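Enquirer: Listed here are the chains, written in short residue letters.
2 protein chains.
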Amino acid sequence: MTTQQLIEQIYKKQSFLCIGLDTDLEKIPPYLLQEKDPLFAFNKAIIDATHHLCVAYKPNTAFYEAYGIKGWQALGKTIDYLNTNHPEIFTIADAKRGDIGNTSTRYAKAFFEEFGFDSITVAPYMGKDSVEPFLAFENKHTILLALTSNEGAYDFQTQILEGAALYEKVIKTSLTYKNAHNLMYVVGATKASYLGDIRKIVPESFLLVPGVGAQGGSLKEVCHYGMNQDIGLLVNSSRGIIYASKNQDFALKAAEKAKELQLQMQDELKALG
Amino acid sequence: MTTQQLIEQIYKKQSFLCIGLDTDLEKIPPYLLQEKDPLFAFNKAIIDATHHLCVAYKPNTAFYEAYGIKGWQALGKTIDYLNTNHPEIFTIADAKRGDIGNTSTRYAKAFFEEFGFDSITVAPYMGKDSVEPFLAFENKHTILLALTSNEGAYDFQTQILEGAALYEKVIKTSLTYKNAHNLMYVVGATKASYLGDIRKIVPESFLLVPGVGAQGGSLKEVCHYGMNQDIGLLVNSSRGIIYASKNQDFALKAAEKAKELQLQMQDELKALG
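So the protein lines, in turn, are chains S and R. All the letters of the first sequence, read from the start, carry residue numbers 58 to 330 under the working numbering. All the letters of the second sequence, read from the start, carry residue numbers 58 to 330 under the working numbering.
To be clear, the hints were calculated from the coordinates, so they are not data collected in a lab. Worth double-checking, as some hints may not be accurate.
Pairs involving identical chains hold if they fit within one copy or between any two copies, as the list cannot separate such chains.
Each computed DSS-like pair below joins lysine-lysine, with the alpha-carbon atoms no more than 30 Å apart [stated by the list, open to error]:
1. Lys-314 / Lys-127
2. Lys-101 / Lys-84
3. Lys-101 / Lys-314
4. Lys-314 / Lys-134
5. Lys-235 / Lys-84
6. Lys-229 / Lys-316
7. Lys-127 / Lys-166
8. Lys-303 / Lys-166
The structure presented is a predicted model; accordingly, all values stated were derived computationally and were not measured.
Whole structure, please, built from the sequences with the hints as guidance.
Expert: Okay, here's the thing in structure tokens:
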């Protein structure tokens, strides 16, 4: 999917919501455990109930890996279901991969070609030759971890490295990588005030912003500091939406939570004019 | 496995060799492609031919993920084969994972409990709460990326961050993490001269050193700068061993290459006294 197509979807749906499919057998409604594939049954119900309210889904691969082969099968069925029924939706493999050149190419092929994701999150620690193999895929997007939403982000990411914080150095350096136009960045909603500085470095890039809702980030602040003339934001909520209820009404409740965020986003889009 | 058990194995086998199982269907002998599970057939033959010459195996998960479900099945069969037939061998999931707290716990469970690996490589970018969930598993080892063997390592890892290079800051900070005694570190053989500085920070930790052989690192230099009184090194070779031949004799040739390294290691151990 091209960035332009993503922007069109945002205007059409009046939403820049990304729903995180962090599907955990201990948190889904217990009656679903009787299903042959409870992970996929849950995801399908969530997608069916919310696809008109969001522009992206983001399964975190850890949740699927934790269940071994069955988990990977459920992830495969989920991305197939999305690509078949909702090809206009942007899909993100939240995998945080990154390795030396040839090995990163393996990961890129696995997620872009085998699974058919539109994008993948990538950890920057290993630098240029660990990131560029992902960037080589046209109309696929590499979402680089810049400033993450967790407490540990202050260990290294915000530390000063030759005059700039590490996360700023990561973003600036990534702009010199081949095919840098395929980059987006992860910036946690819990650190919304940093978004202003980040926008100075990458005024046009899309930012994937986790941490609204359960983690405490504010949508209003994220928009205030992070929105650009093309919106430039995908705001993610996972637990706050998908685990809104543990009962038979879980998909309905998820849709209600997604609708709340979508309406707030609609207001922000109106304000953008 | 405890660190003490690993040290005992090193003395017993007179080897601190780790063999990287980066198994690639395009590089294995073509006749193996007729096997039902070529990835496992290759790994089994390599293990059968080399297990007496090394103390560790390190499958890089990217190579298995690239083949989807079949790849994960082959990885599962490989670790099961090792744990059943060679439980004295240290196993490393070279997965370079790392995510926010709950999610890192998922990865830890997947690799330590579901697969039964002794250790996993972890990327440090997200800091404390992304690493500590791995450290919570006793007698399991978290091998933190410190200074990697690739060119991109110079992008961030060697950059100066408040008076010290980022990789030094990563190592120093990780020592403050809960259960830091379960930490080891990745330090590339291509940057052997840095090992002296690293030994000043972590005199006793084990270092996993990739990059000898195909990537150009020197075993002699690695030992000179990196060895401590308990050896403290696992030196990895992947392509240089497992792809020594593309013919029917591939396992034999792999054993010859492993033997060459083992003999050099034996000399280094003698020099240690």
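Enquirer: Against the earlier hints, flag every one the structure doesn't satisfy and list their numbers going up.
Expert: The structure breaks only hint 6.
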